[in-house]
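Undergrad: Please model the entire structure based on the sequences and the hints provided.
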Amino acid sequence: MASGAHVLGGLIHFILRLFIWRLLWRFGMLIWHIRTFGPPILLLVLAALALWIIVRWRRRHPAGPSPGDSAGREGTAGTGPGDS
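Position 35 of the sequence shown, counted from 1, bears residue number 33 in our numbering, the numbering being contiguous throughout.
Note that these hints are calculated values from the structure, not bench results. Yeah, the Cβ is synthetic: ideal placement off N, Cα and C, and Gly gets one too. Among the hints, erroneous ones may be present.
[Stated by the list, open to error] The following label-pair restraints were derived from C-beta to C-beta distances:
#	residue 1	residue 2	range
1	Arg56	Leu22	21 to 29 Å
2	Gly2	Arg56	38 to 46 Å
3	Leu47	Val5	30 to 38 Å
4	Ile52	Ile18	16 to 24 Å
5	Ser1	Leu28	36 to 44 Å
6	Ile18	Val53	21 to 29 Å
7	Pro60	Leu28	36 to 44 Å
8	Arg33	Gly2	49 to 57 Å
9	Arg20	Ile51	19 to 27 Å
10	Gly36	Gly2	19 to 27 Å
11	Ser1	Ile52	34 to 42 Å
12	Leu16	Ala61	16 to 24 Å
TA: Rendered as structure tokens:
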């Protein structure tokens, strides 16, 4: 069973996240309602945010085998169909 402090901390964290999302939503709507260039600017900001998230994810999870893997090494015993 979780203690009261953990439950209270989780509740405070949830309320803070809701508040931050509300501020972001209001900021987006403020930019969206600028008549001359609001929607394109907001869409560019969202595209930049999506690109930043993708680049950050790719840096944390590089493609290909890691240096400790035995994949691709010569002379290792395999279990494929051509191995005997």
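Undergrad: Which constraints among the numbered hints does this structure fail? Numbers only, ascending.
TA: Result: hints 10 and 12 break, sorted rising.
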